[in-house]
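Participant: Residue-level listing of the chains:
Protein chains: 2
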Amino acid sequence: MQTIESLETPCILIDESVVLRNLDNMANCAARNQVKLRPHIKTHKIPEFALSQVAKGASGITAAKVGEAEIMAEHGIDDIFIAYPVVSPAKIKRVIALAEKIHVIVGVESIEGAKILSREAVNAGVTLSVRLEVDTGLARTGVAPDKAVELAKEIAALPGLDLSGIFTFKGAVFEGVGTLDLEAAGQEEGRIMVETADKLRAGGIAIRDVSVGSTPTAPYAAAVEGVTEIRPGTYIFYDRMLAVMGACSKEDWAARVRVTVVSVPAEDRLVVDGGSKTFATDVQPGQHPLHLKGFGEIIGHPDAVFEKMNEEHGMIRTSGPHGLHVGDILEIIPNHICPTINLHNEVYVTQEGVIRAVPVLARGKLA
Amino acid sequence: MQTIESLETPCILIDESVVLRNLDNMANCAARNQVKLRPHIKTHKIPEFALSQVAKGASGITAAKVGEAEIMAEHGIDDIFIAYPVVSPAKIKRVIALAEKIHVIVGVESIEGAKILSREAVNAGVTLSVRLEVDTGLARTGVAPDKAVELAKEIAALPGLDLSGIFTFKGAVFEGVGTLDLEAAGQEEGRIMVETADKLRAGGIAIRDVSVGSTPTAPYAAAVEGVTEIRPGTYIFYDRMLAVMGACSKEDWAARVRVTVVSVPAEDRLVVDGGSKTFATDVQPGQHPLHLKGFGEIIGHPDAVFEKMNEEHGMIRTSGPHGLHVGDILEIIPNHICPTINLHNEVYVTQEGVIRAVPVLARGKLA
Numbered sequence: 001m002q003t004i005e006s007l008e009t010p011c012i013l014i015d016e017s018v019v020l021r022n023l024d025n026m027a028n029c030a031a032r033n034q035v036k037l038r039p040h041i042k043t044h045k046i047p048e049f050a051l052s053q054v055a056k057g058a059s060g061i062t063a064a065k066v067g068e069a070e071i072m073a074e075h076g077i078d079d080i081f082i083a084y085p086v087v088s089p090a091k092i093k094r095v096i097a098l099a100e101k102i103h104v105i106v107g108v109e110s111i112e113g114a115k116i117l118s119r120e121a122v123n124a125g126v127t128l129s130v131r132l133e134v135d136t137g138l139a140r141t142g143v144a145p146d147k148a149v150e151l152a153k154e155i156a157a158l159p160g161l162d163l164s165g166i167f168t169f170k171g172a173v174f175e176g177v178g179t180l181d182l183e184a185a186g187q188e189e190g191r192i193m194v195e196t197a198d199k200l201r202a203g204g205i206a207i208r209d210v211s212v213g214s215t216p217t218a219p220y221a222a223a224v225e226g227v228t229e230i231r232p233g234t235y236i237f238y239d240r241m242l243a244v245m246g247a248c249s250k251e252d253w254a255a256r257v258r259v260t261v262v263s264v265p266a267e268d269r270l271v272v273d274g275g276s277k278t279f280a281t282d283v284q285p286g287q288h289p290l291h292l293k294g295f296g297e298i299i300g301h302p303d304a305v306f307e308k309m310n311e312e313h314g315m316i317r318t319s320g321p322h323g324l325h326v327g328d329i330l331e332i333i334p335n336h337i338c339p340t341i342n343l344h345n346e347v348y349v350t351q352e353g354v355i356r357a358v359p360v361l362a363r364g365k366l367a
Numbered sequence: 001m002q003t004i005e006s007l008e009t010p011c012i013l014i015d016e017s018v019v020l021r022n023l024d025n026m027a028n029c030a031a032r033n034q035v036k037l038r039p040h041i042k043t044h045k046i047p048e049f050a051l052s053q054v055a056k057g058a059s060g061i062t063a064a065k066v067g068e069a070e071i072m073a074e075h076g077i078d079d080i081f082i083a084y085p086v087v088s089p090a091k092i093k094r095v096i097a098l099a100e101k102i103h104v105i106v107g108v109e110s111i112e113g114a115k116i117l118s119r120e121a122v123n124a125g126v127t128l129s130v131r132l133e134v135d136t137g138l139a140r141t142g143v144a145p146d147k148a149v150e151l152a153k154e155i156a157a158l159p160g161l162d163l164s165g166i167f168t169f170k171g172a173v174f175e176g177v178g179t180l181d182l183e184a185a186g187q188e189e190g191r192i193m194v195e196t197a198d199k200l201r202a203g204g205i206a207i208r209d210v211s212v213g214s215t216p217t218a219p220y221a222a223a224v225e226g227v228t229e230i231r232p233g234t235y236i237f238y239d240r241m242l243a244v245m246g247a248c249s250k251e252d253w254a255a256r257v258r259v260t261v262v263s264v265p266a267e268d269r270l271v272v273d274g275g276s277k278t279f280a281t282d283v284q285p286g287q288h289p290l291h292l293k294g295f296g297e298i299i300g301h302p303d304a305v306f307e308k309m310n311e312e313h314g315m316i317r318t319s320g321p322h323g324l325h326v327g328d329i330l331e332i333i334p335n336h337i338c339p340t341i342n343l344h345n346e347v348y349v350t351q352e353g354v355i356r357a358v359p360v361l362a363r364g365k366l367a
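The listed protein sequences correspond, in order, to chains S and R.
Per our numbering, numbering of the first sequence is gapless, rising by one per residue and ending at 367.
Per our numbering, numbering of the second sequence is gapless, rising by one per residue and ending at 367.
Among the hints, erroneous ones may be present.
The list treats identical chains as interchangeable, and a pair is accepted whether it falls inside one copy or across any two copies.
[What the hints assert, rightly or not] When the alpha-carbon atoms are kept at most 30 Å apart in a straight line, the in silico BS3-like pairs for lysine-lysine are as follows:
hint, residue 1, residue 2
1, K308, K147
2, K365, K308
3, K115, K101
4, K199, K93
5, K308, K115
6, K147, K101
7, K308, K293
8, K153, K56
9, K153, K36
The set of hints was computed from the structure by calculation and includes no laboratory data.
In this text the structure is predicted, and so the values were computed from the model without any measurement.
Chain S on its own, in the form it takes in the complex (with noise of 0.2 Å):
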């Protein structure tokens, strides 16, 4: 029996008990406020989680690449909202075929999109469901909430299209536009994209799904009357960004990357052998609004600071001597677990003593 001694580093450990838990709790925040769940799996990209999910009661899950939705769909899930715009005639091929088999949701943000989306519909003779994306403050994708109706009702009149709901992603949050206030930022989530549905309502649109994103916002954008769904993905794991966000505690931390110290240069300095084929850099140091200190928490090292990473090389700075030696591991929390977790082929799953390894089969469905 593999133990957690014999994994080889570097690598990740998911602890199964944590994660159950992080799954209950968020499926009882969603029940309470009586809204669907519908987790993002870009977090896992492992099918035998988001089957735990959907048995936990979650309707079913987010993807945002389809090629994440056929890994996922051939392993059982058969509800799948792909959270993309999908704008490629081949790979509206693949979603209409995947319509075929489960139920399948596609995102839509532009008229151009929804045109080829519709082209390809009608070549197949079938219909697709559509969500039209928001865009709550991300500035990224998404219509702004004042062009919405216009863009809904010329994507309405589209044949082959069956535009059935709303959705965003409140990256305010995340990105240093607005704020850290957790309740406000779902709140102000959830109120906008309630207005945009009831404006597209009003304006002849059976806006039927309201649906929220993000593990931060989602406890209090679900409780804002007239959101029907929440997507949150982190939330299995969670990470040291939602941490120091306030959106978890340490002990919902469920993955952990091990590594092995490989070269002590100075009592004050280690080199660790994970860097940047090992931990995301996605979410760097300092960087606004967080200001995290370093690439990850080292767990029985609070004050190290991850400081420095090459491809192979993770660089660490203790506040003073750390007493390691050459051949010990640690364990380090990353700062986002999402990206960090496509980094790996397989990860390690423990649960009362045992150890698995489950492949990540997700991972590097870029298309």
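Based on the hints, put chain R in the right spot on chain S.
Facilitator: Here is chain R on its own, set in the frame of chain S:
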């Protein structure tokens, strides 16, 4: 037959004729300077490219991880330097198993690490070929030159190890702690290493290999009398960072990322379907000393700035109206190609109009 137009995005497209020219040029540089060429495969992670490098005269290859070396050996590479301090008993056992089949050299840079290697070698009844890592300015791993003799003597006295050479990676160029004068940096790297080798020989240690690293410094370090080997990696594809450094021209770029425009929020803004799961984020915009603008250069739009990424979204800003539409394809040269390739399960290689998918077999071999 697959055409460029039929490739789904995001994906990496590699021009094989440029690859072959880059390989020839570096092989010629090594031959001209009468040094061995031992390319680092961390850039491509693809056995067939490693075999091309050997076919063009490389004396072997360099890898960072045991798992990478195992994959390369399975595919016919028979001389591999693992340029990394391998300090875990389980990994050393794998190195010993590999060394029964092919020629393997492994890095060492501390007496603690050397003792673990020695113990495992003695237990297995073998002698492991090792090279001592010397720090020539990166302050990452490697012994300081003024402490190299003492450490080398200790290592040479350990049973089961054959200390056959020294190696370095000249990071000052990349890390912003030194110069961007590549010629001066390469010459300094070579000089420090040759001086260190001479001191070790005067101390009675028969140093045969004096190995230097890195694409930008290799051509200059190779010219230093006494250097015996260069280990460049990125030269197979080059990237935006190396062009800005002056280590290549844009004609040398062999790998580009193809993305699709999925949203056009304004006449000077675009969103493409590649974000931080498609492009590495380790070399950030504005990072010292290169001060790169954005995350990559957009072919045909040199003034456009690839200013932000989320996991599946890339945000591009142009200096004026871009005239692009939803569904259009763009090609981008990433800041850093090595960790970008590492995100992709396969790449597409094109030559004379024929395109084939090539799996990145050593991708994600973290351990």
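Participant: If a hint holds in the structure, say so; if it doesn't, say that too.
Facilitator: We went through each hint and held it up to the structure:
Taking the closest pair of Cα atoms, K308 and K147 come within 30 Å of each other only across two copies (24 Å); inside a single copy the shortest separation is 44 Å, beyond that limit. For the identical chains of this complex, K365 and K308 are neighbours both inside a copy (28 Å) and across copies (21 Å), given an alpha-carbon limit of 30 Å. For a Cα distance limit of 30 Å, the shortest separation of K115 from K101 inside one copy, 24 Å, qualifies, whereas the shortest one across copies, 59 Å, does not. Proximity of K199 to K93 under the C-alpha cut-off of 30 Å is found in neither arrangement, the shortest distances being 32 Å within a copy and 67 Å between copies.
Taking identical chains as interchangeable, the C-alpha atoms of K308 and K115 lie at most 30 Å apart only when they sit on different chains, with a minimum of 27 Å there against 46 Å within one chain. Within a single copy, K147 and K101 get their C-alpha atoms no closer than 34 Å, and across copies no closer than 66 Å, so neither meets the 30 Å cut-off. For the homomeric pair K308 and K293, the shortest alpha-carbon distances inside one copy (11 Å) and between copies (21 Å) are both at most 30 Å. Within a single copy, K153 and K56 get their C-alpha atoms no closer than 36 Å, and across copies no closer than 62 Å, so neither meets the 30 Å cut-off.
In the homo-oligomer, the alpha carbons of K153 and K36 lie at most 30 Å apart inside one protomer (26 Å), although the nearest pairing across protomers, at 67 Å, exceeds that limit.
Of the numbered hints stated above, those contradicted by the structure are hints 4, 6, 8, listed in ascending order.
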